[in-house]
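Novice: Here the protein sequences come in this chain order: A and B. In terms of the working numbering, the first sequence is residues 1 to 164. In terms of the working numbering, the second sequence is residues 1 to 153.
Calculated directly from the structure, the hints in this document are not laboratory data. Some hints here could point you the wrong way.
With a straight-line Cα cutoff of 16 Å, these simulated EDC-like cross-link-like pairs (lysine to aspartate or glutamate) come out [as the list claims (entries may be wrong)]:
hint : chain 1 : residue 1 : chain 2 : residue 2
1    : B       : K53       : A       : E56
2    : A       : K95       : A       : D155
3    : A       : K82       : B       : E124
4    : B       : K123      : A       : D136
5    : B       : K123      : A       : D81
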Amino acid sequence: MAGGDVAESKSHGKGKKKKGRRLGVRIDMTPLVDVAFLLLTFFMYTTSMSRPQTMEINLPPDKNVKVEMAETKLMTLRVNDKGVIYWNIALDAPKVIEFRDLRAFLAEKAAAIPGLTIVLKIDRQGKYRMMVDLLDEFNLAGVQRFSLAPLADQDKTLMAKVQG
Amino acid sequence: MPKFKPHRQGYRIDMTPLVDVAFLLLTFFMLTTTFKPSEEVTIVLPASHSPNKLPESDVITINISKDGRLFLGLDSQILRRRLFGKENENKASVEVPKEQLAKYLVNARTANPKLRTVIKGDKEADYGITEDVMNILQDTQITRFNLVTELAR
Chain A
1 MAGGDVAESK
11 SHGKGKKKKG
21 RRLGVRIDMT
31 PLVDVAFLLL
41 TFFMYTTSMS
51 RPQTMEINLP
61 PDKNVKVEMA
71 ETKLMTLRVN
81 DKGVIYWNIA
91 LDAPKVIEFR
101 DLRAFLAEKA
111 AAIPGLTIVL
121 KIDRQGKYRM
131 MVDLLDEFNL
141 AGVQRFSLAP
151 LADQDKTLMA
161 KVQG
Chain B
1 MPKFKPHRQG
11 YRIDMTPLVD
21 VAFLLLTFFM
31 LTTTFKPSEE
41 VTIVLPASHS
51 PNKLPESDVI
61 TINISKDGRL
71 FLGLDSQILR
81 RRLFGKENEN
91 KASVEVPKEQ
101 LAKYLVNART
111 ANPKLRTVIK
121 GDKEADYGIT
131 EDVMNILQDT
141 QITRFNLVTE
151 LAR
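Just need the whole structure built from these sequences, with the hints factored in.
Specialist: Following this line, the structure appears as structure tokens:
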């Protein structure tokens, strides 16, 4: 068999000082390559290169600190459980605004009123997405200061008045 | 003219460089892959234009599922064992009742003060629960946190 052949040629070489013809060993690498590429594709697909984005929020350290500010710089955005957005500045009556118009509107207001602060009040039954979308709009419109406040019952009656 | 078949030169391609490169890439991907422990809940992220990336390590994640349940996730196994016990150390996140969230957060932060808090909420989750979570964060003096989103197109 093969093993015997090798042994024989070896002894030949030693005994007669004649070099036995070396069999060039060639390994067929194709299966190796196949497996390597299979694993490679597997790892490439399972690797998640992209990390998700994050949005940073800073809250004031103490809830009970009151910040005094001019009413004219204070815009209140109220969102009801159906996602309808109402806006007003200071104590004006709330007005409805469409979400798609919000970015331009906010950018315009932010440019017109330096130091504009937005108080965002979202209904507890509203969606989390609404908050993220709105905060994103604030960032895009360049509104630096905003705060989140709970939507009280009086806010709900205010909104109901506009609807009715 | 006699039919003369030209002697075909059987050529062989040397595959060695190909194999080298393949294995190099393979090793790279094997080393960079981190297998995520299976999530307890699937969370559909909302989209934003925020350019910040989620930090890779030292993160404590508050997952808010669609039905308003809270899951606390940690990236380090040692910390998970310390906080949730040995039986939960291989879970990506553990369900935590809202009342105990503050306690867990404080414990986690005393164990590793470098922890950054992120909220990973489902986009269809109620705002109310998020508001509660943010109040808890404020009460536990975590005033800087991140909201996980995916990039809006």
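Novice: It remains to establish, for every hint, whether it holds in the given structure.
Specialist: Each hint, compared with the structure:
no.: 1; hint: B:K53 x A:E56; verdict: holds, 10 Å
no.: 2; hint: A:K95 x A:D155; verdict: holds, 13 Å
no.: 3; hint: A:K82 x B:E124; verdict: holds, 12 Å
no.: 4; hint: B:K123 x A:D136; verdict: holds, 14 Å
no.: 5; hint: B:K123 x A:D81; verdict: holds, 14 Å
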